Every structure is written in C-alpha cells, then in structure tokens.
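Listed below, chain by chain, are the residues.
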Amino acid sequence: MSLLHLRGVGREVRLPDGSLLPVLTGVDLDVAAGEHVAVVGRSGSGKSTLLNLLGLLDTPTAGSYLLDGEPTDRLRARRRARLRGEVFGFVFQQFNLLPRRTAAENVAAPLLYARGRDYLLRRRTAREMLDRVGLGARADQVPERLSGGEQQRVAIARALVRSPRVVLADEPTGALDVETGAQVMALLARAAAENGAALVTITHDLSVAALADRRFRLDAGRLTPLDGGAALDAATAHRDPRTAGRTA
Amino acid sequence: MTGLLGAFAEAWDEVRVHKARVVLSLVGVFLAVFALTTVTALGAIVAQSQQEQAERWGGRPATLAVTAFDTTTGAGVDAARWDAAVAGLVDRYGITGSATVSYADGLYRLPGGTQTVQTTRVSPSYGPLHRIRPVHGRWLREGDRASLSPALVVNEAFLSLLGHSDLSARPTVVIGGPQPVTATVVGVVREGFDQPLVYRVDRSGGDAAAASGGGPGPGFYGPPTLELWVPPGQADAVMATVRNDLALSLPGSQVDVYRTDDQGIGDSISTLRTAIRGAGVVALVLGGLGVLNVGLVTVRQRIREIGVRRSFGASSARIFSAVMLESVCATALAGVAAVAAAVLLVRNLPLTEWLADGVPLADDPGFPFEAAVEGMVAATAVGALAGLLPAVIAVRARVIDAIRF
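Protein chains in written order, with UniProt numbering: chain A, 1 to 248; chain B, 1 to 405.
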C-alpha cells in the first residue's frame, strides 16, 4: 500500500463568469514511504494545485485520494489540520519564514501545534534540527539577516522538525542561485532520506527533477510519467537557463 | 492541555514580536481603562465622602430624632423622667445604636476673655453615629462621664482661641457659670469653619448637670434629643412604636419622632455614579474601536503567515483562538498597566483635602477593589470584542490563496 494514492483526481475552479475551469484532470499517482518523486511542468500547469491537494490544503472535485489507506474526502476539518501537521512538511519557494522571529523560533513554530513532549521540548528540538542543516550558529538570527540559501535551509529544518512522513517542496531552489540551489536540494534530499520521509518536489529545474527516483510531467492538468534526461528536456517548454548546460 | 498552552504561547509570541504595533493599538485602551478605573475609584471615594459628610450632620441611615415637650408649659420634660423613659425604651427594644444630644451656649474663659461658644452636649455614642473623626486627639468615650474634668472635643477655631495649634500641651479651659469647672480638650475636629464650637460629654463627675443627663437647663436650646439608629426599612414602624411607647411613659407630654438622615443622598450618589460610569463606557468603546481598527489592518497583513501556520497543522479553531487571544492578552496587559496607574494616581491624590477639608474618612474605602476588577474585566472584554472580527477574517481566509506556493 502506497503512502499517497491518487486515482482519477480532478480539480475544477469556478471562474467569475460562473463557468468551471479544470485545473487537474484524471491524476493517478502513488508515492511510497521514503520515495523521492519530482513533478515538472510549466507555469499554470496545475503543479501548485496538485501540491495543495497532496498536502490536504485543498480538496479534489473528482476522484479519490487515500492517505496511508484512509480516504481523505470524509476527513473533518480538525482531523485534516492534524494530519497536515503530523504527516506533511512544507518547503515553499519564497521560504515563507515568519518575519521577526529567529531561525530557532521559525523552526519551533510547527511544534506549537504538536502535543505533549514534542510541544514542551520544541526549543531544544528546533536547535538540534538547525544543527543538522548546519545553521546551529545562526539559530538566533532573524530571517532578514540570513542569506537566501540560509533561509531555505531554515525552511527545510522547519519542514522536517515534526518528523513528517512526506515533505512537499514547491520550487525549493526557485529563489536561489545555481550553486546554492544545488546545495540546498542535496540537503533537502539527504535530510528527507535520513528522516525516512517521502519527498515530492515540484520544479521546473530539470537538474532538481533529475535527483528524484521517479519523475512526472504535468501538462494542462494531466500527469504523465517521464524517464530520462531527454524526456525531461522535452517536458518543459520553459528551460531554465541556469540548468541548460547540465541537462542538454 | 498543551494545545491550550500552545494557543497562549502563540498569542504571546505575536504580542512580543510586534511590540510597537501592539503598544500603539493599546494606547486607546490603556487610556480608556485608566479613565474608567480612575473615575470609578474616585466616584466611590467621592460617594463615601459625601455620604460621611451627610451623616456627620444628619446621622447614618436611618437616624430617628426623638424629643418630648410638656404640653402645658411647652418646656422639655423633667430630666429624670426623660432619662428613665429613654433608658426603658432603649432597653425594651434592644436598640444598640442610640445617642443623646442637646445644644447650649457655654461660657469659656479664653486667653482673650470669656466668650460664649455654641456647645453640643452629646453622649459618646454620638461620634460613631455621626462618623465624627477628630483630626487630632480622640473622640469622647464612656470613661469621660466619670471624669471630674469634663472632656471636650473642640474645633480648630476654638483651639486657636485657646492659644494652641495642637494637643501636645494637653490644653484645658475653664467653663464659667455658677460652678466653674476646668475641662480638658481631648480632641479636635475640623468643622464649623471660623466659628468656634465645642462637643462636650453629656455628663461628667464634676459637672453640675451630671444628674440631668445633659437635660434642659440654663443656656440650653430646647430639650435634649434622643437619636436612634435603626434599619432604614424599619424606620417608619419604629417611629410609630417609639412615639406611642414614649407617650405612654411620659403622660402629659408631646413626643415628636422624625428622621434626620439625608434620605436623598443615596439617589444623588447613584446619579453621580451612573454619570461617571457612562463617561467611562464611552471612553472604553472609543478605545476598543482603535484596537479593532488596528486588528483588522493587521490580520490582513498577516494572511500569508496565517496560511503558513495552517500548513503547520493549525486548525480553524486554533487560528481563531490565537488571533482572539492575541487581542485579549494585549488588552489585558494594557488593563493591568492602566489599573496600576489608576491605583498610583488615586492613592497619591490629596483627596481628603479636596473632598472633606482634610477630615479623614471614617470608613476609607482605599482603592475600591471593584474598580480594579471592573477595569480588568473591561479591558479583557474589549480585547475579546475587538479580536472577534479579525479572528473571523483570519479563519475565513483561503489557505491556498494565502500561501501561494
């Protein structure tokens, strides 16, 4: 049984004129525990919507989504919120660190919603996690005083601090230069693997996608498997000039 | 349990991180709660002062004055009969709060010459009944009735005529008349403005009028008056009973019973309190609107952060309570500061000088506890009300719009 199991999942949004716009159509996807999956696609292809559905931030309008065998369509809001905190860790393109909080406070923030020991030991856990991503010495710095790469490492530490079973990363290197992006992506993949967490990465950076065990292409809301660098190259109409040399 | 702690920690964290915004938003609430608490406290003290000043003249609610006249001569009844009748009445009905008072002109041999001074001859119980608090020395007491030197409580004007400014020299004064007697000044009260006046114990060992109980004699204005302190709700019934009882005990006499306490003071004080409370509530509403306004602006700026917190697993209830608690925590802090400032101000104002010419209150309410509680409750309630709308907006924000992966 896969950890994430999507069959025929669709998502439509209602436009201001009342008509329905399909964003995702008939998506089938299985993600096993500890697996690294990448989804590539151009802007507007539905990548973010797919990530929202996977992370229980949104609900599909068609199909079924089983989370560890449990249908998600009947989950009550409170249970969805709890699962979101316990099962998923999110890494955002723009880092989305809480402003004016230190790196340690940012990493500890998800543990505010944990219970018992996890909640009570949140500060210590946060510092340990920052040590793991090499930012122990910067734990008391606010995000405004950290570089982009450091901010994303803080975000990775934050995504992993509750030991999630799945890390959902949206363009995790999108706001970073090539070298820093590669370092951050390597860190993310390694940290997720050490935690035994599945990693679902959405990207248009082909070198990032190449790190995954399995790769998919999302085009006009339809998800199809991809294999090999050439296929990856063809999958994205928008080639990132930073990665062109490496994927050609 | 940790969920509740987490909600408080989150709210406190928000207050801590955004100190400047929080402080600015709370200025209005601080001022409003400060004003509300201060005026409520001052109102209670002013009311107490007014109450005591009224009771100094008319006695406590309800004070009944009882007098009796001989219907044939128009003079007061025989002192011995009056004393017996009064003693019997007080004993029969178990009346614990009673005093006797009579008014006379006394001749006092002062350094500037003998002078006639208005003298109120009272039983020691008159003081507590009328909340008289000497500014120096003490009030009259039962032991003074056995003293060979009549005890006097005088006002500052009389003490000045006597050539003293305080009681450190244990001043005495000779009371003139057929049998002069040296009286001892035991206390000083602040009343009567520049006119000298004297309270004299109703009878004493060296007093020619000892047997009369201070009853009518040369220089007295009318017969002595018995004052009874009874429950206000029973005043009318007691008046009728006393009138009938004394009429039977004193045949041939006309007995008058009437209330002397100010029955309108309660309404006046109530009106004063209502007006003060109204002003405080208006101030509080204005302060609350300020907090609400800042809260609405802030929550819109925090939508992205709220979306991120949703991704951490924050439920709608948790988001609601965090935004709400942030407002409540902040206004509660403002309330604590405002109440502390109000206590400092009220405790350090020279209220007795302003309100009662320096006469200390017999029952000083201090800083009214209810004013402090009311201030805290008002601050917290304003926080809750002002946090409600931003909390609803925060909960209704669409998470995926807020995050925008």
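Hints were generated in silico from the structure; no laboratory data involved.
Here the structure is a predicted model, which means the values were calculated and not measured.
For every residue, glycine included, the Cβ atom is placed at its ideal position computed from N, Cα and C.
Check before you lean on any hint, since a few could be wrong.
[Claimed, not checked] Below are the SDA-like pairs computed for lysine to any residue, each with C-alpha atoms no more than 20 Å apart in a straight line:
(1) B/K19 <-> A/S64
(2) B/K19 <-> A/R117
(3) B/K19 <-> A/P143
[Said to hold, decoys possible] Anything over 12 Å on all C-beta distances counts as not near chain B; from chain A, calculated:
(4) S2
(5) G8
(6) G18
(7) P22
(8) D28
(9) E105
(10) R115
(11) D118
(12) L120
(13) A155
(14) T180
(15) A186
(16) P225
- Item | Given as non-interface: A/P225, which should sit over 12 Å from chain B by C-beta | 22 Å, holds
- Item | A/L120 remote from chain B - nearest C-beta pair above 12 Å | Nearest chain B Cβ is 7 Å from A/L120, so the label is violated.
- Query: Any Cβ of chain B at or closer than 12 Å to A/S2, or is the non-interface label fine?
  - Reply: 22 Å, holds
- Item | Exclusion check [A/P22 not at the chain B interface, CB over 12 Å] | 17 Å, holds
- Outside-interface status for A/D28 - nearest CB in chain B farther than 12 Å: It holds; A/D28 is separated from chain B by about 22 Å at its closest Cβ, greater than 12 Å.
- Pair hint B/K19 and A/P143, alpha-carbon separation not exceeding 20 Å: Roughly 18 Å between the alpha carbons, so the hint for B/K19 and A/P143 holds.
- Query: CA of B/K19 to CA of A/R117, is that 20 Å or under?
  - Reply: Given pair B/K19, A/R117 is violated - Cα atoms ~30 Å apart, limit 20 Å.
- Item | Distance rule for A/D118, whose beta carbon must clear each one in chain B by more than 12 Å | The claim breaks: A/D118 does not keep its Cβ more than 12 Å from every Cβ of chain B (closest is about 8 Å).
- For A/T180, which was marked as not at the interface, is the minimum beta-carbon distance to chain B over 12 Å? 20 Å, holds
- Message: With the threshold set at 20 Å, check whether the alpha-carbon distance from B/K19 to A/S64 stays at or below it.
- Response: Judged against 20 Å, a Cα distance of about 46 Å means the pair is violated.
- Item | Interface exclusion of A/A155 relative to chain B, criterion Cβ beyond 12 Å | 10 Å, violated
- Query: Taking the closest pair, is the beta carbon of A/R115 still more than 12 Å from chain B?
  - Reply: Nearest chain B Cβ is 5 Å from A/R115, so the label is violated.
The earlier numbered hints that this structure contradicts are 1, 2, 9, 10, 11, 12, 13.
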